[in-house]
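There are 2 protein chains.
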Amino acid sequence: LDQDSWREAAALLRKLQPAEIAHVLEALPLNQRQILWDLLETDQDGETLMELTENVRNELLQNMHQDDIVAATEHMDVDDLADFIQELPSNVTEEVMRSLDEQDRRRLETVLSYPEDTAGGLMNTDTVTVRPEVTLDVVLRYLRQLGERVPRDTDQLFVTNRDDKYLGTLRLADLVTNDPNETVAEVMSLGVQPFNVFTPDSDVARRFEQYDLLSAPVVDEQGHLVGRITVDDVVDLIREEGEHQFMGSAGLSEDEDMFAPVLESSKRRAVWLGINLLTAFLASWVIGHFEDTLERIVALAVLMPIVASMGGVGGTQTLTLAIRGIALGQLSSKNAGYLLAKELAVALVNGLLWAVVVGIIAGIWFHSTDIALVIAAAMIINLIAAAIVGALLPLALDKLGIDPALAGGVLLTTVTDVVGFLSFLGLATLFLL
Amino acid sequence: LDQDSWREAAALLRKLQPAEIAHVLEALPLNQRQILWDLLETDQDGETLMELTENVRNELLQNMHQDDIVAATEHMDVDDLADFIQELPSNVTEEVMRSLDEQDRRRLETVLSYPEDTAGGLMNTDTVTVRPEVTLDVVLRYLRQLGERVPRDTDQLFVTNRDDKYLGTLRLADLVTNDPNETVAEVMSLGVQPFNVFTPDSDVARRFEQYDLLSAPVVDEQGHLVGRITVDDVVDLIREEGEHQFMGSAGLSEDEDMFAPVLESSKRRAVWLGINLLTAFLASWVIGHFEDTLERIVALAVLMPIVASMGGVGGTQTLTLAIRGIALGQLSSKNAGYLLAKELAVALVNGLLWAVVVGIIAGIWFHSTDIALVIAAAMIINLIAAAIVGALLPLALDKLGIDPALAGGVLLTTVTDVVGFLSFLGLATLFLL
Numbered sequence: 001l002d003q004d005s006w007r008e009a010a011a012l013l014r015k016l017q018p019a020e021i022a023h024v025l026e027a028l029p030l031n032q033r034q035i036l037w038d039l040l041e042t043d044q045d046g047e048t049l050m051e052l053t054e055n056v057r058n059e060l061l062q063n064m065h066q067d068d069i070v071a072a073t074e075h076m077d078v079d080d081l082a083d084f085i086q087e088l089p090s091n092v093t094e095e096v097m098r099s100l101d102e103q104d105r106r107r108l109e110t111v112l113s114y115p116e117d118t119a120g121g122l123m124n125t126d127t128v129t130v131r132p133e134v135t136l137d138v139v140l141r142y143l144r145q146l147g148e149r150v151p152r153d154t155d156q157l158f159v160t161n162r163d164d165k166y167l168g169t170l171r172l173a174d175l176v177t178n179d180p181n182e183t184v185a186e187v188m189s190l191g192v193q194p195f196n197v198f199t200p201d202s203d204v205a206r207r208f209e210q211y212d213l214l215s216a217p218v219v220d221e222q223g224h225l226v227g228r229i230t231v232d233d234v235v236d237l238i239r240e241e242g243e244h245q246f247m248g249s250a251g252l253s254e255d256e257d258m259f260a261p262v263l264e265s266s267k268r269r270a271v272w273l274g275i276n277l278l279t280a281f282l283a284s285w286v287i288g289h290f291e292d293t294l295e296r297i298v299a300l301a302v303l304m305p306i307v308a309s310m311g312g313v314g315g316t317q318t319l320t321l322a323i324r325g326i327a328l329g330q331l332s333s334k335n336a337g338y339l340l341a342k343e344l345a346v347a348l349v350n351g352l353l354w355a356v357v358v359g360i361i362a363g364i365w366f367h368s369t370d371i372a373l374v375i376a377a378a379m380i381i382n383l384i385a386a387a388i389v390g391a392l393l394p395l396a397l398d399k400l401g402i403d404p405a406l407a408g409g410v411l412l413t414t415v416t417d418v419v420g421f422l423s424f425l426g427l428a429t430l431f432l433l
Numbered sequence: 434l435d436q437d438s439w440r441e442a443a444a445l446l447r448k449l450q451p452a453e454i455a456h457v458l459e460a461l462p463l464n465q466r467q468i469l470w471d472l473l474e475t476d477q478d479g480e481t482l483m484e485l486t487e488n489v490r491n492e493l494l495q496n497m498h499q500d501d502i503v504a505a506t507e508h509m510d511v512d513d514l515a516d517f518i519q520e521l522p523s524n525v526t527e528e529v530m531r532s533l534d535e536q537d538r539r540r541l542e543t544v545l546s547y548p549e550d551t552a553g554g555l556m557n558t559d560t561v562t563v564r565p566e567v568t569l570d571v572v573l574r575y576l577r578q579l580g581e582r583v584p585r586d587t588d589q590l591f592v593t594n595r596d597d598k599y600l601g602t603l604r605l606a607d608l609v610t611n612d613p614n615e616t617v618a619e620v621m622s623l624g625v626q627p628f629n630v631f632t633p634d635s636d637v638a639r640r641f642e643q644y645d646l647l648s649a650p651v652v653d654e655q656g657h658l659v660g661r662i663t664v665d666d667v668v669d670l671i672r673e674e675g676e677h678q679f680m681g682s683a684g685l686s687e688d689e690d691m692f693a694p695v696l697e698s699s700k701r702r703a704v705w706l707g708i709n710l711l712t713a714f715l716a717s718w719v720i721g722h723f724e725d726t727l728e729r730i731v732a733l734a735v736l737m738p739i740v741a742s743m744g745g746v747g748g749t750q751t752l753t754l755a756i757r758g759i760a761l762g763q764l765s766s767k768n769a770g771y772l773l774a775k776e777l778a779v780a781l782v783n784g785l786l787w788a789v790v791v792g793i794i795a796g797i798w799f800h801s802t803d804i805a806l807v808i809a810a811a812m813i814i815n816l817i818a819a820a821i822v823g824a825l826l827p828l829a830l831d832k833l834g835i836d837p838a839l840a841g842g843v844l845l846t847t848v849t850d851v852v853g854f855l856s857f858l859g860l861a862t863l864f865l866l
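These protein sequences, in sequence, are chains A and B. Take 1 as the starting number for the first sequence in this note's numbering and just add one per residue. Take 434 as the starting number for the second sequence in this note's numbering and just add one per residue.
These aren't lab readings, by the way, just hints derived from the structure by calculation. No false leads were slipped in.
Ranges between beta-carbon positions, derived for each pair:
id: 1; chain 1: B; residue 1: E724; chain 2: A; residue 2: V357; range: 19 to 29 Å
id: 2; chain 1: B; residue 1: P548; chain 2: A; residue 2: Q66; range: 48 to 58 Å
id: 3; chain 1: A; residue 1: P180; chain 2: B; residue 2: L472; range: 40 to 50 Å
Quick look at which bits of chain A chain B covers, simulated, 3 or more residues with Cβ under 8 Å:
id: 4; segment: 136 to 148
id: 5; segment: 287 to 293
id: 6; segment: 347 to 357
Even glycine gets a Cβ: it sits at the ideal position worked out from N, Cα and C.
Kindly produce the complete structure, drawing on both the sequences and the hints.
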């Protein structure tokens with residue numbers, strides 16, 4: 001693109017929402033991304049940075065001047081700022097803190113005092129509160145006075161007593177459909193359970209889904225209202241959870257940048273390839289014990305990947321089901337037995353079916369009933385092993401605090417490779433030599 | 434559980450939200466699930482059914498009496514009813530249609546006339562509309578008159594002209610913070626672009642995320658307001674998209690029931706195993722061409738799975754990145770070249786690195802520099818092939834209308850297996866015999 005086109009691009013950028021700019025930036029290769037970023041007006045920087053995935057954001061921050069970073073934080077919400085500030089070098093953090101007024105600094109410190117993956121770390125402090133004893137008419141006048149200071153995504157106000165203890169919510173829909181002479185206490189909803197500041201964010205997401213919430217109150221240990229969580233942050237959370245499972249199963253982070261610098265990418269991927277190389281060598285080491293057998297019946301070398309691969313595929317299906325069950329909170333040690341029983345039955349049905357098919361094909365191919373019987377038996381053994389590992393491994397990993405979405409696949413295929421080669425070559429050594 | 438416990442369970446169920454009941458039902462094995470379902474009061478049936486995943490829902494419906502199904506639809510929203518009714522046998526559908534009043538039937542027919550995966554299929558028809566020329570005070574009085582008929586999740590009203598053409602939105606937050614003497618036209622927001630009824634639901638989800646929407650208007654081809662989409666349905670959509678990618682890569686549907694009946698499960702899984710068996714036999718067929726080579730150098734049989742497996746792992750990482758890029762609308766034929774260039778560079782760096790490592794280990798293991806050189810070369814070749822296929826295959830599948838999340842993995846590992854075995858055994862045949 002030439003000068004004119006870039007100028008046009010700059011004009012176009014001004015008309016876009018920060019999330020749209022972020023979307024375009026992520027879809028651009030590195031050098032074009034930097035050029036577009038430099039074209040962006042400073043007042044768009046902050047919100048755009050917040051919409052970017054972590055890796056892309058950090059990379060742009062590396063090339064930004066300290067003053068520009070501080071300027072970018074000017075229009076950020078407190079919850080965004082809290083996420084943002086934790087990734088900055090400490091001297092920039094101090095600079096940002098100094099640029100805030102007293103009230104915002106206190107709010108930021110509140111949010112920062114809770115772990116990022118809890119309701120406290122997710123919340124914003126921009127709550128509008130009312131007392132239960134006032135009339136709706138008073139509330140309406142109060143809101144008109146506040147005017148622009150009422151956040152535009154407000155769907156409900158929070159009802160608190162003098163001590164700031166949370167009592168209930170007043171939905172705007174209820175505020176405007178009821179008689180102005182009624183009191184807040186008469187109209188407010190008691191159904192919305194507040195989140196404790198330390199509630200894990202995955203529980204927050206599930207409750208938003210189950211109750212179709214638009215916003216929800218957050219209280220501290222003593223029941224004081226400290227903030228609110230809005231559904232737009234929950235939407236991002238749910239998107240991230242889904243991507244974490246999908247990307248994690250390939251050993252990638254959900255923040256992986258499609259156009260990350262080659263060396264950075266290579267470094268991250270090298271770790272994953274290295275782990276897999278270890279497991280591949282383990283499988284080879286198993287095969288190595290059967291060199292004599294392979295030398296005498298070379299057909300075994302031709303057929304052995306089939307047994308290992310079918311075990312891997314069958315086991316991955318069980319594993320995937322179990323990982324999702326754990327993520328949704330629907331699978332635990334309580335009902336794992338039922339899942340195992342069902343998966344074993346499925347493995348047996350499919351093991352028998354495909355053992356017959358593979359046996360017939362292999363038997364005809366190599367003119368040998370013995371080979372047919374051995375591969376059929378190995379197939380059944382491996383599919384059953386795959387079902388057991390697929391169902392129980394994720395629960396075990398979860399108990400050990402290891403993320404099953406990340407480690408499950410590698411470990412499972414290690415087992416199915418080893419069992420596959422061992423059962424096939426082992427049975428062949430016993431019965432065919 | 435005995436009789437008393439079940440009675441307690443029934444009492445407990447009455448206190449739960451439909452989404453919570455659905456969550457529990459999904460976590461129960463088949464027979465316990467049916468018992469709990471039978472315990473449920475009829476008035477909870479409808480909403481609970483809507484919260485269940487498709488497979489679990491259909492299975493419960495199979496055992497339900499026609500009258501109970503019709504009764505369950507009584508309290509459903511039109512958008513839910515539209516999803517629901519499409520899965521019923523046609524005689525039950527007719528019965529449900531007959532049970533509706535004239536207005537609801539017309540609304541349902543409107544929603545049913547659009548494909549399920551479009552804005553029209555996703556919308557609800559419960560919009561509250563106001564005219565631009567009236568004052569906010571009039572709006573407030575109108576809303577008080579409507580009272581309970583204003584949906585509780587209303588965050589904004591829609592402004593339309595006399596012909597029902599969409600003009601803009603009036604946020605409740607703006608309604609209550611502005612002077613009651615102002616007109617709707619002065620206060621309304623023009624920023625929310627309405628969705629066309631035929632907008633694909635994935636675009637709807639992305640726009641909700643980018644603009645942090647709570648609800649959005651849907652218009653027909655002539656610009657008439659026909660309904661609204663609410664964020665709770667979008668949340669479900671985003672959850673499903675994430676699960677589709679994750680489950681799809683294992684050949685499972687995102688609706689797969691953890692405790693589906695064994696035979697049904699086996700049947701669905703058999704297809705996937707069968708497809709994989711075909712690709713495994715293809716790999717074996719390739720190996721079969723090198724029987725002579727394998728007979729003479731049995732070390733090749735021991736080492737060959739390493740080359741295939743590393744290609745599969747490296748390719749899957751590229752594939753995963755590309756599938757996510759396509760799903761987010763950030764990867765297309767326009768920037769695919771950049772991704773391919775970067776992935777090739779990454780494959781070259783990691784190919785060289787791990788080729789050296791594998792070469793050294795294999796060389797020491799089998800006391801052969803020749804084997805070391807052959808496996809190193811094969812590894813580089815396969816990782817490069819994996820990067821090319823991983824980056825371009827999903828785009829090609831997408832163009833052909835085939836879901837890359839479903840078919841990508843199988844096709845990729847077919848290529849990496851074939852290229853892995855072919856390059857390793859081929860090079861060995863050329864240089865080692």
